[in-house]
Amino acid sequence: MDPAFLEAVARVGTPLLLAALGELILERSGVLNIGIEGVLLSGAFFGFLAAWATGSPAAGALAALLAGALLAAALAFMVLRLKADSIVVGMALNLVAFGITGIGYVILDAQTKAHGGVKLVRAPTFGAMLPELAGVPILGPLFFDQSALTWLAFALVPLLWYYLERSERGLELRAVGEHPAAAESSGIDVTWCRFKACLAAGALGGLAGGFLTISQTSAFTPKCTAGRGFVALAAVVLGRYGAWGTAAACLFFGAAFSARDYLQVKGLQVPYELLEILPYALTVAALGLSHLRRTGAPAALGKPYG
Amino acid sequence: MGESLSRAAVLGFSGLSVALSFRAGLFNIGAEGQFMVGMAAGAVAGLKLLPAGAPAALAVPTVLASGALAGAAWSLIAGALRQWRGVSEVIVTLMLNAIGILAVKLLTSYDGLLKNPLEVHQQSGALPPGAQFDGWGGTSFHAGIFLVPPAAAALWLALYRMRAGLSVRATGLNPEAARACGIPVERVRLAVFAVSGALAGLGGAMTTMALGYLPNESPYSDYGYMAIAVALVAGLHPLGVLPAALFFGLLETGAQSMQRFTDVPSEVVYLVEGAVILALLSRGLKLPGTRRAAGAAAAASEAG
Numbered sequence: 001m002d003p004a005f006l007e008a009v010a011r012v013g014t015p016l017l018l019a020a021l022g023e024l025i026l027e028r029s030g031v032l033n034i035g036i037e038g039v040l041l042s043g044a045f046f047g048f049l050a051a052w053a054t055g056s057p058a059a060g061a062l063a064a065l066l067a068g069a070l071l072a073a074a075l076a077f078m079v080l081r082l083k084a085d086s087i088v089v090g091m092a093l094n095l096v097a098f099g100i101t102g103i104g105y106v107i108l109d110a111q112t113k114a115h116g117g118v119k120l121v122r123a124p125t126f127g128a129m130l131p132e133l134a135g136v137p138i139l140g141p142l143f144f145d146q147s148a149l150t151w152l153a154f155a156l157v158p159l160l161w162y163y164l165e166r167s168e169r170g171l172e173l174r175a176v177g178e179h180p181a182a183a184e185s186s187g188i189d190v191t192w193c194r195f196k197a198c199l200a201a202g203a204l205g206g207l208a209g210g211f212l213t214i215s216q217t218s219a220f221t222p223k224c225t226a227g228r229g230f231v232a233l234a235a236v237v238l239g240r241y242g243a244w245g246t247a248a249a250c251l252f253f254g255a256a257f258s259a260r261d262y263l264q265v266k267g268l269q270v271p272y273e274l275l276e277i278l279p280y281a282l283t284v285a286a287l288g289l290s291h292l293r294r295t296g297a298p299a300a301l302g303k304p305y306g
Numbered sequence: 001m002g003e004s005l006s007r008a009a010v011l012g013f014s015g016l017s018v019a020l021s022f023r024a025g026l027f028n029i030g031a032e033g034q035f036m037v038g039m040a041a042g043a044v045a046g047l048k049l050l051p052a053g054a055p056a057a058l059a060v061p062t063v064l065a066s067g068a069l070a071g072a073a074w075s076l077i078a079g080a081l082r083q084w085r086g087v088s089e090v091i092v093t094l095m096l097n098a099i100g101i102l103a104v105k106l107l108t109s110y111d112g113l114l115k116n117p118l119e120v121h122q123q124s125g126a127l128p129p130g131a132q133f134d135g136w137g138g139t140s141f142h143a144g145i146f147l148v149p150p151a152a153a154a155l156w157l158a159l160y161r162m163r164a165g166l167s168v169r170a171t172g173l174n175p176e177a178a179r180a181c182g183i184p185v186e187r188v189r190l191a192v193f194a195v196s197g198a199l200a201g202l203g204g205a206m207t208t209m210a211l212g213y214l215p216n217e218s219p220y221s222d223y224g225y226m227a228i229a230v231a232l233v234a235g236l237h238p239l240g241v242l243p244a245a246l247f248f249g250l251l252e253t254g255a256q257s258m259q260r261f262t263d264v265p266s267e268v269v270y271l272v273e274g275a276v277i278l279a280l281l282s283r284g285l286k287l288p289g290t291r292r293a294a295g296a297a298a299a300a301s302e303a304g
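One line per chain: the protein sequences are S and F, in this order. Here the numbering used here is used: the first residue of the first sequence is 1, the next is one more, and so on. Here the numbering used here is used: the first residue of the second sequence is 1, the next is one more, and so on.
Think of the hints as simulated: they come from the structure by calculation, not from any bench. Please note that a few of the clues may not be correct.
What the hints assert, rightly or not - Cut-off 20 Å, straight-line C-alpha distance, at most; resulting in silico cross-link-like pairs (SDA-like, lysine to any residue): (1) S:K223 / F:K105; (2) S:K303 / S:F195; (3) S:K83 / F:R283; (4) S:K303 / S:W192; (5) S:K223 / F:L271.
Bear in mind that the values here come from a model prediction, so they are computed numbers and not experimental data.
Bound conformation, chain S alone:
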């Protein structure tokens, strides 16, 4: 296998992994966030804005994290406090995020045009962590030519597995997702638990969006998240609501999206659009092949409580 391809898989998989792991926490607590696309987009825009304004990618990452968490807090307010339907709220938040970031982009674009006509604003990027090791053949690009956020995303997988499946806090979270009434009667504050899960998912989703603009491309264009949030949602379902499964699904999508560009570069005569359709079609097929009632979805997913 071409190391450049593996490197691309890890890079393309990073935002999916960050977003999907956040969504996994949230869904295991029983809340569905269709607004994840908007969360990513907010993270992408505000992360970019902060990185561009301050010149520091760390400030960008922080802003991305906060922007995502803020949008998720809006979801939490609507769903947990007002008991509104999470799917409709999520779609509304997507529209709000399309609007805010779209307006923000036009303003930013006008600003930069006024100052010398630079169309593409570039934010500083996370450099490779250990550039001296990146020269090692094969393993170098794969492990050492990646951004800090990629390392973080991969490190999160075993940590999250341990948290969800082995820790007491994780057990509480799962109880809230499976049977909120029983969890409440054993002394767990269901709403507070779900609220914390919302914030965590929002922060990770925002960071995922921020990765796109401050690490991967260093530019923001409207709707640059291009459905990655929705892909992350699918990864959680495909991964059967487990940390390892979700990570595997994200890498599958990462490989599929990288293959698209990789084969294009290699000059393979396959219609580009067909390669783009492939991962989505495979997702639908995989969901179709999954066994009835063994999806692993939390019993109270998407249902209001209290």
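Given the structure of chain S, go ahead and fit chain F onto it with the hints provided.
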């Protein structure tokens, strides 16, 4: 005004589609994808099935029916996966939306498919004249717009004046009770998936006919999502969809011209639509099924 009406017509079809699905307690958020395959199927029918000189009396129904059928089939994929595999329609429709958008790109990008080789832009050749809705007097006002009010009226009639409609509404309000009354809830749901997909697909075919060709991407992108705002403002009522779609059509046209003449970007519409949905929800708007879902789950857990 013609522009607003043609935008409103697209929002109208997708709005009716969403309203019907939500009434039945189904979160079919696939209007975007169903619209795209409707657009594509309309173009395939117009360019590959019909002879170039086909009269309008043959061409118009053929193209519209192809769009509706394609939309229904696309929606039924999600319906079938929900029915027999227990997969949430939300995820599947989102995936199908992405595929629908890409499929139109694919069709219009290659000469062997639908791309017109003589055209610089990636788009199909012109549909037969009989299969086009011409703009009246140089505006974008076209005959297809007249399809929306009858569609809304028919849906209203079916939902509120016919047995089938009662089954649909009962299924949405409380599937357990509906099943206890002998309503075939599963069949009703599949039928709703098909009809709501057909409505969105009709909008797609209408758009292809009004443009006269299949474009590389929808001129009305994200209208399938905006249709959720339309349906909610309409109170999920088919007749309410008409003024709601007109309102958002005007808003959309207003935003486009505002962008042209001032510095205010047209993305403002997204913000307004999102805010409208959130405002409606925070005023306590409840969808059929959601309130009962909690009650039904509690009842089920008590029983089990």
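TODO: For the pair we were handed, S:K223 and F:L271, check the Cα-Cα distance against 20 Å.
DONE: Roughly 14 Å separates the two Cα atoms, so the pair holds.
Open item on the list: Hint check: S:K303 vs S:W192, CA-CA at most 20 Å. Holds or violated?
Closed with: holds, 16 Å
Open item on the list: Can you confirm whether the C-alpha distance between S:K223 and F:K105 stays at or below 20 Å?
Closed with: Cα-Cα ~18 Å, so holds.
Task: 20 Å Cα cutoff - pair S:K83, F:R283 - done: holds, 11 Å
Open item on the list: What's the verdict on S:K303 and S:F195, does the C-alpha distance respect the 20 Å limit or exceed it?
Closed with: holds, 15 Å
No hint from the list above goes unmet by this structure.
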